[in-house]
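First to last, the protein sequences are chains V and U. To convert, note that position 1 of the first sequence is 1 in the numbering used here; the numbers rise steadily by one, no gaps. To convert, note that position 141 of the second sequence is 1141 in the numbering used here; the numbers rise steadily by one, no gaps.
These aren't lab readings, by the way, just hints derived from the structure by calculation. Ideal placement from N, C-alpha and C gives every residue a C-beta, glycine not left out. All the given hints hold, so there is nothing to weed out.
Some chain V residues flagged as far from chain U (calculated, every beta-carbon gap over 10 Å):
{"#": "1", "residue": "T2"}
{"#": "2", "residue": "T5"}
{"#": "3", "residue": "A17"}
{"#": "4", "residue": "G21"}
{"#": "5", "residue": "R30"}
{"#": "6", "residue": "N31"}
{"#": "7", "residue": "P34"}
{"#": "8", "residue": "D54"}
{"#": "9", "residue": "A63"}
{"#": "10", "residue": "A92"}
{"#": "11", "residue": "D95"}
{"#": "12", "residue": "T100"}
Output of the computed footprint for chain U on chain V, the stretches with three or more beta carbons under 8 Å from beta carbons of chain U:
{"#": "13", "region": "41–52"}
{"#": "14", "region": "68–75"}
Which residues of chain V face chain U? A few of them, derived with a C-beta cut under 7 Å, are:
{"#": "15", "residue": "V78"}
{"#": "16", "residue": "R104"}
{"#": "17", "residue": "A106"}
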Amino acid sequence: MTQITFIDAQGTARSVAAEDGATLMETAVRNAIPGIEAECGGACACATCHVYVDPAWQDRLPAPQTMEEDMLDFAFDVRPNSRLSCQIRIKAELDGLTVTTPERQA
Amino acid sequence: MTETIKTDALIIGAGPVGLFAVFELGLLDIKCHLIDILPKIGGQCAELYPEKPIYDIPGFPVVTGQGLIDNLMKQIEPFGPTFHLGQMVESLESIGSAQAPLFRVTTDAGAVFEAKTVLIAAGGGSFQPKKPPIAGIDDYEGKSVFYAVRKMEEFRDRTILIVGGGDSALDWTLNLQPIAKRVILMHRRDEFRAAPHSVDQMRSLVADGKMDLILGQVMALKGEHGQLEAATIRAADNTTIDVACDRLLPFFGLTMKLGPIADWGLNLAENLIPVDTEKFETNVPGIFAIGDINAYPGKLKLILSGFHEGALAAQKVHRYVYPEKRLLFQYTTSSSSLQKKLGVA
Ligand SMILES: Cc1cc2nc3c(=O)[nH]c(=O)nc-3n(C[C@H](O)[C@H](O)[C@H](O)COP(=O)(O)OP(=O)(O)OC[C@H]3O[C@@H](n4cnc5c(N)ncnc54)[C@H](O)[C@@H]3O)c2cc1C
Ligand code: FES
Chain V
1 MTQITFIDAQ
11 GTARSVAAED
21 GATLMETAVR
31 NAIPGIEAEC
41 GGACACATCH
51 VYVDPAWQDR
61 LPAPQTMEED
71 MLDFAFDVRP
81 NSRLSCQIRI
91 KAELDGLTVT
101 TPERQA
Chain U
1001 MTETIKTDAL
1011 IIGAGPVGLF
1021 AVFELGLLDI
1031 KCHLIDILPK
1041 IGGQCAELYP
1051 EKPIYDIPGF
1061 PVVTGQGLID
1071 NLMKQIEPFG
1081 PTFHLGQMVE
1091 SLESIGSAQA
1101 PLFRVTTDAG
1111 AVFEAKTVLI
1121 AAGGGSFQPK
1131 KPPIAGIDDY
1141 EGKSVFYAVR
1151 KMEEFRDRTI
1161 LIVGGGDSAL
1171 DWTLNLQPIA
1181 KRVILMHRRD
1191 EFRAAPHSVD
1201 QMRSLVADGK
1211 MDLILGQVMA
1221 LKGEHGQLEA
1231 ATIRAADNTT
1241 IDVACDRLLP
1251 FFGLTMKLGP
1261 IADWGLNLAE
1271 NLIPVDTEKF
1281 ETNVPGIFAI
1291 GDINAYPGKL
1301 KLILSGFHEG
1311 ALAAQKVHRY
1321 VYPEKRLLFQ
1331 YTTSSSSLQK
1341 KLGVA
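Chain U extracted, bound-state conformation:
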């Protein structure tokens, strides 16, 4: 049995909005745990556009996606949030009452949380691997087609076709090559986005005849009962050939899918969670939704809107966590108690 983690506030999603909520909650003495399916912090900003400039964060004429996340991490450091990365929140159930809410939250890694309040800052949903649009691929998934390597042993003595040109494709090519019967790397062009030293290593394995590199794209799969036997590929010179293989690992990047949020008993409108604009609370008291995932009249999917939403939600969270305490409005500029919390007084 894993130990249940108890917390005042549980934030689902470590994107910019979830991160800034830690700050607003922290000023109100509310400690947070955050969960994200990605192995890293920062949501869309870090995953989709780390190097690109953002021009509409108030007070920052320009900041990159990763730069904003780094700054937010520095800003919330005094509040010591706990991150649980690389795991997806699967279930969220109410075990309290409307007056004293309590929620049980579990992840696909087996972690169990008991939270007085839950803030869903899930953006466009969980980041999940993109599936190639190959007819019938569903039948093979989890049996001979995988989008991630959980257990290396599954791949021992197999003929593995790995598709892609980024770090995931190259890293797994190099890691699996020693234990596989044969590794075949396929990419649409002879240029790779992956780290140059991995590309060099791959090229020398190819030169030594220890693996194959094919330029082309998978067009169809052949096999029976989910067991892959060959992939039909269109090579760069437009010829079509069958490549025998019994494992396929496609690495086409990530896309956002709503995922299990749909099963949590919350009202949904077109895959978004409707909230009020006073507290950003959902139809379930004690569960809030902030950032890209929520919907209300006039909603803008902007980072700055998400920051505002977190600040207002925090006020109501405070009432659930400290029902007997009165909340004073204070400025960080002048309040000595806020400054003590921030570690600057």
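Only chain V is shown next, with the shape it has when bound in the complex:
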């Protein structure tokens, strides 16, 4: 199992075991992680699954595709380490990944 840590805007960390092949968003939702809304269910159509990736991990994730970049335009307080969690697929190499959820989704 791949271990993922979600830190909320107040700084509380929650570590969960993620299933390989699921998305980071699905992992959050299945584990009732607060701060991820995922209104569109992972179709890259709502930008309410926005997370900040720990800078140490930024370059270890596959780069976002155009569709994800376009949808990030609809998120707020977008930073260089912003990603949409529904577009990140869990695999063994991501063991230990840490992401922070923003203060507010859209």
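Fit chain U with the ligands to the known structure of chain V by using the hints.
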């Protein structure tokens, strides 16, 4: 005074479920008017995922959101529904009785309808502009912060900060630039989703010094009594600067809000409208709710469920519209009268 539009069935929401209801009602000789706040037909399918594939429409191994809407439009063409787009239904009041219901419906564009039955196919609610989560932005809304341009004159000789990278942001940048004192376009990155020719036009205006382009994001607003004086922005290089402006137009796409439906005297449960599963009627006889907006035990927010709901609701609508007529169950495959209605016999 605008003229009252009389109709047998009024459908609120032109998403896939509202559209298919036109078909089921049409087979029963019931004519429809549809209203949607969006300027286009198709609800979530057309607005949120026009290019994405749907795999669970029976009989279609795969169809895109827009493809499904185009097909539905073709399917309901024989029934000639009338669309009233770009307007939000504001009020719905009963002016009839339980036996002979009649409703008065008004929109924010001033249209007035008198309908024997109302089908609410409002999905997740009206599509409305997303508000940026900037502290205190509410105080400026409608005074110096706008999410749409209703009157261009409001923007004459103003310093306008437009935020976004899509077609709305670029179109308004180009339209307002000639009459504004100055237009400043701000976007978080130097790539734009908008149509390439608008982007080119914008870039040449910037090159000619006729407008400004800033890469960054609005973090805070400064002003008094709703009058904007400056926006504090975080630029792409992480520096924070104040940009003087007296109008702000943020374009961050649309989100769904229940809206005025909450004020129509209907029972609501967690922003959904409870219905029975025989007729999909609400607590008010003559008002039905179908598609994503309704709630009942076992409800699935799927397009196919909404289609079924519309078919069953239509049967009861028929009883209100034609109380004296008996309803025969018929197949489109074999009934010559249904085929005549469809224009294929
Ligand atoms: C990204 C994504 C992928 C999806 N994939 C699938 C899938 O694969 N299969 C599936 O079955 N479903 C899918 N869905 C769900 C499906 O799109 C919805 O179930 C469907 O759109 C519901 O249709 P509807 O007609 O009830 O409402 P909607 O499509 O939400 O349309 C409702 C319309 O009513 C309008 N409206 C609301 N209130 C008012 C008012 N007061 N005045 C005027 N207009 C109003 C709205 O503006 C809107 O246009 C998906 C949804 C999303 C977002
Ligand atoms: S869940 Fe909607 S964009 Fe990720």
